[in-house]
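Following the hints, position chains D, U and V with the ligands against chain Y.
Protein chains in written order, with our numbering: chain Y, 1 to 348; chain D, 349 to 696; chain U, 697 to 1025; chain V, 1026 to 1354.
For the record, the hints were derived by calculation from the structure and aren't laboratory data. There may be inaccurate statements among the hints.
[Claimed, not checked] Distance condition first, Cα-Cα at most 30 angstroms in a straight line; then the derived DSSO-like pairs of lysine-lysine:
{"id": "1", "chain 1": "U", "residue 1": "K820", "chain 2": "Y", "residue 2": "K48"}
{"id": "2", "chain 1": "D", "residue 1": "K661", "chain 2": "D", "residue 2": "K387"}
{"id": "3", "chain 1": "D", "residue 1": "K387", "chain 2": "V", "residue 2": "K1149"}
[As the list claims (entries may be wrong)] For each label pair, taking beta carbons as the anchor points, the in silico distance ranges come out as:
{"id": "4", "chain 1": "U", "residue 1": "D884", "chain 2": "D", "residue 2": "A663", "range": "38 to 48 angstroms"}
{"id": "5", "chain 1": "Y", "residue 1": "A195", "chain 2": "D", "residue 2": "P535", "range": "48 to 58 angstroms"}
{"id": "6", "chain 1": "V", "residue 1": "E1352", "chain 2": "U", "residue 2": "R1019", "range": "27 to 37 angstroms"}
[Said to hold, decoys possible] Over 10 angstroms on every C-beta distance to chain V, these chain U residues come out as not near it, computed from the model:
{"id": "7", "residue": "S698"}
{"id": "8", "residue": "E699"}
{"id": "9", "residue": "G838"}
{"id": "10", "residue": "D879"}
{"id": "11", "residue": "E882"}
{"id": "12", "residue": "G890"}
{"id": "13", "residue": "I928"}
{"id": "14", "residue": "K952"}
{"id": "15", "residue": "S970"}
{"id": "16", "residue": "W982"}
{"id": "17", "residue": "E1023"}
As the structure is a computational prediction, the values presented were derived from the model and not from experiment. We put the beta carbon where it would ideally sit given N, CA and C, even for glycine.
Chain by chain, the residues:
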Amino acid sequence: MIRQSDDLRETAGDIDGVPPAVIREGLRRMIAARVFDTKAIAMHRRGKLGTFPPCAGQEASFVGAALALDRERDWIVPQYREIPALVAHGAPLEGIILYYMGDPAGGWWPGSVNALPFQISIAAQLPQAVGIAWGLKRRATGGAVLAFVGDGGTSEGDFHESANLAGVQQCPIVFFVSNNGWAISTPRARQTAAASFADRAIGYGYDGVTVDGTDLLAVYRTVSEALATARAGRPVIVESLTYRVGPHSTVDDPRVYRSEDEVVPWRQSDGYDRLALRARESGLWSDTDELAAREEATREVDAAFERAQAAFKPATRQLGEHVWAHLPAQTAAQLQELERRNARGERE
Amino acid sequence: MIRQSDDLRETAGDIDGVPPAVIREGLRRMIAARVFDTKAIAMHRRGKLGTFPPCAGQEASFVGAALALDRERDWIVPQYREIPALVAHGAPLEGIILYYMGDPAGGWWPGSVNALPFQISIAAQLPQAVGIAWGLKRRATGGAVLAFVGDGGTSEGDFHESANLAGVQQCPIVFFVSNNGWAISTPRARQTAAASFADRAIGYGYDGVTVDGTDLLAVYRTVSEALATARAGRPVIVESLTYRVGPHSTVDDPRVYRSEDEVVPWRQSDGYDRLALRARESGLWSDTDELAAREEATREVDAAFERAQAAFKPATRQLGEHVWAHLPAQTAAQLQELERRNARGERE
Amino acid sequence: MSEQNLVSAIRDALQIELARDERQMIIGLDVGKMGGVFRATDGLQAEFGEDRVVDLPIAEGVMVGAAIGLCVSGFRPIVEMQFLGFAHQAFHQIGQQLTRLRQRSQGRFSAPLTIRAPYGGGGKTPEFHSDCYEALYAQCPGLRVVAPSSPTEAKGLLLAALRHPDPVLFLEPIAGYRTWVDDVPEGDYVLPLGEARIAYGNENAAAVAVVSYGLSTQTALRAAASLAAEGIDVVVVDLRSLSPIDVGTLCRVVEKAGRCVVVTDAPVTGSIASEVTATLMERVFWSLEAPIVRVGAPDVPHPLGALEQFYIPTAEAVADAVRSTLEAH
Amino acid sequence: MSEQNLVSAIRDALQIELARDERQMIIGLDVGKMGGVFRATDGLQAEFGEDRVVDLPIAEGVMVGAAIGLCVSGFRPIVEMQFLGFAHQAFHQIGQQLTRLRQRSQGRFSAPLTIRAPYGGGGKTPEFHSDCYEALYAQCPGLRVVAPSSPTEAKGLLLAALRHPDPVLFLEPIAGYRTWVDDVPEGDYVLPLGEARIAYGNENAAAVAVVSYGLSTQTALRAAASLAAEGIDVVVVDLRSLSPIDVGTLCRVVEKAGRCVVVTDAPVTGSIASEVTATLMERVFWSLEAPIVRVGAPDVPHPLGALEQFYIPTAEAVADAVRSTLEAH
Ligand SMILES: Cc1ncc(C[n+]2csc(CCOP(=O)(O)OP(=O)(O)O)c2C)c(N)n1
Ligand SMILES: Cc1ncc(C[n+]2csc(CCOP(=O)(O)OP(=O)(O)O)c2C)c(N)n1
Ligand SMILES: [Mg+2]
Ligand SMILES: [Mg+2]
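Chain Y extracted, bound-state conformation (with noise of 0.2 angstroms):
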């Protein structure tokens, strides 16, 4: 088998108008999420992590939008399912396994990566998204905000009271509504009455629009479009239609309220299968590539969590840090106590 050096397929043209590098690159991090999710459960079900909210069915709508990103200047505020997003943006794989290890010293990312640290109460982290959407714009640095919610968030205040906020000051600010069909048990249908998500964009003055969120490739357009809509200060609404494949979190039972005939179509539109397919027939990828980006992964993967398990010390003294700038002194002496009781290891 003839196969084109990379240099070559890097240049060898578009697809839908979105270069070869993005698609490669796009499918090495959609093979990389998988993997992760893969040895995530696994490494649940053996008691290594706790519980852990996969992401398959969604790699192609997180990672098409994180690469629409310029990691530079532009911003990801995630909840906690974003994991491709968040890595491709440049977030450590060991500090997120910390992170749902149970350890806060893995919740951060260096300062080099411009993304918040996960946040579990649901589009609580909008109003900070648009807080910090609209400190860039008074700074001029040209960056924007990909903000990321669920279509359950939608329906909390902060969604509404962000999305309008944004809309007033001219945030650049990108709301991505992963419409993943479920809230938990809770079906999409059950989560608003409106035909779209896309729409309540009207309601606050700019642009929604809906993508396929199987596909990369549009994601990937229609969040740089979108991105630099926002930068001219014109927030958008990007729902991006897509499928929880998977459970909730690792704790959860699908079964329970839902067919398993209601996944079966969107396991076969599956992001990378559409994509690595229409790939290989324009010669930009190839078994091998599929093989090397997996190995690799798993490579990395292991790794990662190698190094987190090795950096795993949770220790009594974690509870105090990084509470306040200035720890009251009453606090100090609380925690003085109770880690010296915890030394002695009395615990039950």
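Same frame as chain Y, now just chains D, U and V with the ligands:
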């Protein structure tokens, strides 16, 4: 001058499809609203009434909306400015006066009046309105809820969560947005970038409509239709375009934040004047009617103020009344102690 | 009597009340087909229908607010707050609307609803799922706050809450859902609301009174057992009701013992333990032989799972406090 | 020094800090042209521009949340909460987001912002405008809570808050806005955050320590004056910082006096007075000659205007408590 008999005029023919009886009641109630407003402001100046929110400019909007209701089965959920609507629905003036005198004894209406009390926290009454509508539907009463909120109130999370849930539960509710141009000193344009508040409805999966809030007939017809839609399980957002001609409250001075030029055209399109002109042309209204209505209103308002002042007997005892069904023993003891103390008249 | 864990006792109470009173309904997140994230409403939608057991959009504020409105329309909704930590989103509806409907309407309307909320550590949950926020709600006049300490207690107190004319926040210790097992009375079983109970020991013979509630009562009971082995007799007062507090029982027992340790799982500052201590200070000061000691979590947020073991107050900490109280003079 | 009332002292501090640090901005309701409902930001938009003094839609949650985000982008917003009672709508953003950004990001991000909020009675306001909700916020680890008791204190503490690396909730007693008048130091004037002060009396000679903060310090001072006329010497400890509390000063003074009255304008249950009392119980029990007494409002919501006169704790109530404390034995 020949004066038609009342009977004749009540059947003299509709204007814009609104029956004469409604038109005449609307005119009388708008006059009464203005009389009440004026007296309340005067009483505030004389220190006999607390901070009071005048509704000048919005009479047509409030009265037109309330007259569309079926008092037997429909509910009003007010904020604080909708006094003419509450009065049209049966709320006693003296209760309203007592409330604004700062006496909690005034904050309620008799059991025959389907309305919640005033509620001051912006938009926080809306979730309750949805719950009432939900309950009316479950009881199959055929009743609907008219929930009032201001342009400012639409920015709150409570507005969104309520509007969205109403759609999901298909509640018989009409959200009546009194877009009076201002939220204290904040102009409508800084409240949202959306072109209209009616457009919000799209994002909730139902219809929104904007109506000229200085045209009582238009408001009446629009709310009537909206109620019919709502009774069938489809909520409606009605945006009433109106204007707060007076100050936000008796302690506000609008000259600080808006120019008198802006107010002039609204004064000129006064809801009463507009409708009275047409009613006069149709033979439904006359100077005599106007005079009679004003005299009657003045009598009623004066009497209500007198009754309120006679009833006004603030007492320590009231502090704990109706806070609990079962007042906790310690709280009862605190209040007894306080009653004793206050009876000694030691207050500074 | 039948052996039940906490979830099952709660489900039992819900089932009884939905069957008995058709005004009762359950609303919340994932309470329908899924039966709630802890399965406390399992099977209830199938039994009582989609009109009475209703899955809602994710919006805690309107969840509580709509429940208030449903009361006005004559229903008695039971709100399942998925976790107490998410009631923050509904704080204005709980602390300012739910509690004031009655007074604002001078008694015409009331909101006799119950909000059930899992809370407390032990589950290694993500952030906000375990924080002990109960003292925030005990500051809301007009709202009762109740925390059961066993499956039997849960059944009896929940049925009482569901029938009470005042709104109740009913706190369910996550750590107990599966692990607490009890012989729970069958059928209708109602405990009084607002009365503390003696959960352990003899109030006339105890050297120290240990005051606790919810999860911390189990901690106190473990401490009591180990102290008994050392020959130290304590009496454990389980508050049950955090608002209002049963001051009568509390004072009676502490007056007799003369020494007292108050246990909470919450950060100690501003906690229920502080309120209990202040109340005792005012009322039984002259009977105290030693300062009352609060045992609680440090004043930092409930940590992520891996640190939880270091954070939650232990039986040993309670026992130490009892010992130190006995040594104090 | 210049004679200033509370509003003017606050405006002064804001003006100084906006001029000094261009990261500072003011956001909130009606803070622009109108200069805030109490005029505390009067003229600041004209001086610093619409980018730095910004009127927002009515949405308290996003007001605080966006301020957090602005901090991440390098700004230091000052949020004017129109009234403390409306911070309930932002309770999740304050209690769970603002307080956790630093820990969640392991110190990378922080939110050194200040929320200013009018609170407390005396203004005969509509519901929610006067309630003393401060103890709710003192339960949020990661958030400082400060309440000044005079114009000078307000200026010094506000400037300290605006420069502090931790978020601060700054409580402004409505009753003091126009009526408190002081000789306020001109120019930059910063007081320490987290230290209580002796507002009156001699801690070495006082028979009773009266602990208070914000509005209640003025009440305590009036009580002190009338007690002095009777020959009773008290020392008034003005907490200034409600979270964290300056336990050192508190204990030192109360230990010396041996008797203590704690005053709050809030419903007494779950109040700052309860926390102060519990802390003193643990730390200075052996020095106490009488039970500590809390003086506060009854456990009911702040009433509508006409009843306010019956509700707010009076100097006479404080003086009575002091007298009863002296009689106790
Ligand atoms: C404020 C709040 N309420 C409830 C929860 C519990 N909860 C966790 S995930 C989830 C569903 C979220 O659904 P969606 O927004 O669609 O995101 P997805 O999980 O599908 O990615 C819920 C209700 C929460 N974390 N925060
Ligand atoms: C939650 C909340 N935030 C702030 C306020 C203070 N406030 C009282 S009235 C008002 C303006 C309301 O404007 P709008 O909703 O347009 O009603 P209008 O006064 O014009 O009738 C504000 C901000 C409040 N009452 N409640
Ligand atoms: Mg979803
Ligand atoms: Mg308005």
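Against the structure, the hints come out as follows:
no.: 1; hint: K820(U) with K48(Y); in the structure: holds (13 angstroms)
no.: 2; hint: K661(D) with K387(D); in the structure: holds (21 angstroms)
no.: 3; hint: K387(D) with K1149(V); in the structure: holds (20 angstroms)
no.: 4; hint: D884(U) with A663(D): 38 to 48 angstroms; in the structure: holds (42 angstroms)
no.: 5; hint: A195(Y) with P535(D): 48 to 58 angstroms; in the structure: violated (32 angstroms)
no.: 6; hint: E1352(V) with R1019(U): 27 to 37 angstroms; in the structure: holds (36 angstroms)
no.: 7; hint: S698; in the structure: holds (38 angstroms)
no.: 8; hint: E699; in the structure: holds (37 angstroms)
no.: 9; hint: G838; in the structure: violated (7 angstroms)
no.: 10; hint: D879; in the structure: holds (35 angstroms)
no.: 11; hint: E882; in the structure: holds (37 angstroms)
no.: 12; hint: G890; in the structure: holds (14 angstroms)
no.: 13; hint: I928; in the structure: holds (20 angstroms)
no.: 14; hint: K952; in the structure: holds (18 angstroms)
no.: 15; hint: S970; in the structure: violated (4 angstroms)
no.: 16; hint: W982; in the structure: violated (8 angstroms)
no.: 17; hint: E1023; in the structure: holds (13 angstroms)
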